[in-house]
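Peer 1: Each chain, letter by letter, is given below.
Protein chains: 2
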Amino acid sequence: MDQPLRLGLAGLGTVGTSVIRLLRDHEEALTDRAGRPLRLVAVSARNPNKDRGISLDGLSWHSDPVALASSPDIDCFIELIGGENGVCREATRAALDAGKSVVTANKALLAKHGIELAAAAESGGGVLAFEAAVGGGIPIVKALREALAGNRITRLFGILNGTCNYILTRMEAEGLSFEQCLADAQELGYAEADPSFDIDGLDAAHKLAILTSLAFGVELNKDAIFVEGIASITAEDIAAAEELGYRIKLLAVAQETDSGIEQRVHPTMLPKNSQLARISDVTNAVAVEGDFIGQVVLSGPGAGGDATASAVVGDIVDCARGFRAPPFGRPVASLKPYQRARMRAHPGGYYLRLSVPDRVGAFAAIARAMADGGISLDSIVQRNRPAGAAPRGNPDHLRSVTIITHDTTEQAVRDALGRIEGEGDIVGRPQMIRIEAL
Amino acid sequence: MDQPLRLGLAGLGTVGTSVIRLLRDHEEALTDRAGRPLRLVAVSARNPNKDRGISLDGLSWHSDPVALASSPDIDCFIELIGGENGVCREATRAALDAGKSVVTANKALLAKHGIELAAAAESGGGVLAFEAAVGGGIPIVKALREALAGNRITRLFGILNGTCNYILTRMEAEGLSFEQCLADAQELGYAEADPSFDIDGLDAAHKLAILTSLAFGVELNKDAIFVEGIASITAEDIAAAEELGYRIKLLAVAQETDSGIEQRVHPTMLPKNSQLARISDVTNAVAVEGDFIGQVVLSGPGAGGDATASAVVGDIVDCARGFRAPPFGRPVASLKPYQRARMRAHPGGYYLRLSVPDRVGAFAAIARAMADGGISLDSIVQRNRPAGAAPRGNPDHLRSVTIITHDTTEQAVRDALGRIEGEGDIVGRPQMIRIEAL
Chain U
1 MDQPLRLGLA GLGTVGTSVI RLLRDHEEAL TDRAGRPLRL VAVSARNPNK DRGISLDGLS
61 WHSDPVALAS SPDIDCFIEL IGGENGVCRE ATRAALDAGK SVVTANKALL AKHGIELAAA
121 AESGGGVLAF EAAVGGGIPI VKALREALAG NRITRLFGIL NGTCNYILTR MEAEGLSFEQ
181 CLADAQELGY AEADPSFDID GLDAAHKLAI LTSLAFGVEL NKDAIFVEGI ASITAEDIAA
241 AEELGYRIKL LAVAQETDSG IEQRVHPTML PKNSQLARIS DVTNAVAVEG DFIGQVVLSG
301 PGAGGDATAS AVVGDIVDCA RGFRAPPFGR PVASLKPYQR ARMRAHPGGY YLRLSVPDRV
361 GAFAAIARAM ADGGISLDSI VQRNRPAGAA PRGNPDHLRS VTIITHDTTE QAVRDALGRI
421 EGEGDIVGRP QMIRIEAL
Chain X
1 MDQPLRLGLA GLGTVGTSVI RLLRDHEEAL TDRAGRPLRL VAVSARNPNK DRGISLDGLS
61 WHSDPVALAS SPDIDCFIEL IGGENGVCRE ATRAALDAGK SVVTANKALL AKHGIELAAA
121 AESGGGVLAF EAAVGGGIPI VKALREALAG NRITRLFGIL NGTCNYILTR MEAEGLSFEQ
181 CLADAQELGY AEADPSFDID GLDAAHKLAI LTSLAFGVEL NKDAIFVEGI ASITAEDIAA
241 AEELGYRIKL LAVAQETDSG IEQRVHPTML PKNSQLARIS DVTNAVAVEG DFIGQVVLSG
301 PGAGGDATAS AVVGDIVDCA RGFRAPPFGR PVASLKPYQR ARMRAHPGGY YLRLSVPDRV
361 GAFAAIARAM ADGGISLDSI VQRNRPAGAA PRGNPDHLRS VTIITHDTTE QAVRDALGRI
421 EGEGDIVGRP QMIRIEAL
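Which chain is which? The protein sequence lines are U and X, in order.
Each residue of the first sequence is one higher than the one before, starting from 1 at the first, in full-length UniProt numbering.
Each residue of the second sequence is one higher than the one before, starting from 1 at the first, in full-length UniProt numbering.
No false leads were slipped in.
Ranges between beta-carbon positions, derived for each pair: (1) X:GLY245 - U:ARG52: 41 to 47 Å; (2) U:PRO331 - X:ARG46: 37 to 43 Å; (3) U:ARG52 - X:ASP378: 44 to 50 Å; (4) U:GLU28 - X:ARG340: 19 to 25 Å; (5) U:SER60 - X:SER334: 27 to 33 Å; (6) U:SER177 - X:ARG340: 52 to 58 Å; (7) U:GLU28 - X:GLU84: 29 to 35 Å; (8) X:ASN85 - U:ASP184: 56 to 62 Å; (9) U:LEU56 - X:PRO271: 41 to 47 Å; (10) U:SER259 - X:GLN186: 41 to 47 Å; (11) X:GLY245 - U:GLN180: 26 to 32 Å; (12) U:GLN382 - X:GLN186: 50 to 56 Å.
Don't read these hints as lab results, they were simulated from the structure.
All figures in this text were calculated on a predicted structure; none of them were measured in a lab.
Just so it is clear, CB atoms sit at the ideal spot from N, CA and C, and this is done for glycine as well.
Take these sequences, add in the hints, and give me the full structure.
Peer 2: Given below as structure tokens:
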């Protein structure tokens, strides 16, 4: 039996306490699997007196996570502090610079400083492992870094944010408004008090940036991601999608194009019978397409203390077994600079919903503008606006026009909408949702 | 840059030639990812003159794969010969005994000799890797051995045979008979000339035996698997399932029970809206349930040269990176003896289809036998037998009785059917298909 792997853990929130429970519950099996004991020796958190439902007896307590990270008493630092700068970054750097391994669930840190940290791991000789940072317990990082290493990946897409998926699932199932579902999600602990990071698509974008680097062998670039959140999705959009045979999902997509790697996160209409359309509630799923593998899909719990702890401990076992793979699948020096694809060239059908004043010719003007832009329509439907409507025939009476286009480019749609807006034929911002037959 | 990893490949069939193409197509990227060149140096196959559509120039040719396996010119032996005994076993043993690593796609070999080979890898110091042996390109072996190592796995179930899934998918979609779909599968190359290994469930059983060992930390025992194939499934069963909201799949299940590990492969009715019911054609899927992870599902191409080559090369990259994990997730000495669960204690609903002579009281006798066995019925439907039927009212006229039971045990159902058969109330063998709400 080899020496124990001595673990130092910083951050005793939901995930941190789950990790400690897991290490204790499965101590014997883990020793067997890892070939050596996994021994938690030290912890760090803000409040030493908080009741976390687990005993911290016998563990060395560090008020400073940076000191813990570089302590000679540990071999592997488990970073569960959160945040993208400050102490989580310093502690991670300190551990890697001291030649230790780091296991982290911190997607924000990786999306911002992943390459710097991977380089630090390379020069220090330690491991930087982060299965838990993307897709909770789903082994998507390992799949891209190891199992699918033989492939040229051409595309990946997935549902990477459980909060958004929960809200969209409930909106569809119960016909509720976005606001109601968000409030329920907050009550259930699926959404933060300030939910903007999730519902604006930023959390999914961070995760996508990490997967893109792993899949395509390029440097991380979260700022190059086109991001739209789900706050503008209305019950009317959900109902229209349903009627048309689609479901609306917040989809993260990265794909190879002639002009570079396209990365985007936005609400997408997916055919109801597609694999990802059926992923409901807080479940996550990722589809990966490669030249030899074809398509594989991985799905499972995208968040939650226990599922995330499963991923953290998987990484710790790898570490104990002495496994050393480059954090992003290749040495940092071999990662290609990220080249952003021209987003607006993306072809595909679109769902548009416009609020149109009820006056003669408005409908015709919209149809004309679409035709002038070379956009072919699959359907155009005019509905009365449900609520607070002025009397019919009055220009203040608004009607909702729902348009489904055939394949066209985003640029053509944006140009046509610009012309329509310029001529005063619509009120407020048009809703535009991409349709994909994934 | 480290020394190249020198590869020797035996077996130049579909998978073997795909592996060689992959290694050539992605040579540069693989060197980057693996940290060293992956250099194919020698091959072995039966016929040196066959045109395989790839050049073998510059490769050393071995007519004897055992000699290739132990050759000092290679570091890693790729076993793609097939079979469970004879030369594939000898060559694999020779490579492991010589301290080399082995990558294999051979589920039959592993299901029969996996533990012996894992022990040889341990003492020789090499790796025994077999991602390609189960689920084609799906990274299920890696998930169980590494990513989910922190969990106590409680159950796994999956669709592990593409041939059967293709046949069942087409029977349902087109209302065809088993025989017609099998013939089509053979024409398309999805089924062998002698299809019994696939359709009798043996291929799925071999794969299940491997997953069971990985998941539950027990010794392999393929002979303890309860196996039923799909040859008895009729168009009538498929139609009845459809009507009841189910699909019939050949499901492989392994689960922890109070009396040991239950392993079984048999046709199963799954609710149409369940994740596995939607896996169609030759796609495979595996769901894994663990105490921390909850449930993850992996799906993708379960066979085919390219998808299998993806898995083989993933293992080669691990090998080049110096990764050494115990083949079955723990050292052989830590694997527990396999303890078989009492299969017939399995509770759940059943679908039964009986051929009943058209005489007064037959129907009542069946209902009575079920009641006497304490089996509560969800529905009992009597249909005319479609073809070649004798005139009504004649005892030679057969009617088909379809029964759906509520939860009961397999023993109770078998006992009741035994009584019914004994009293001559049915003709021929009853059809019995388990229903599971997975």
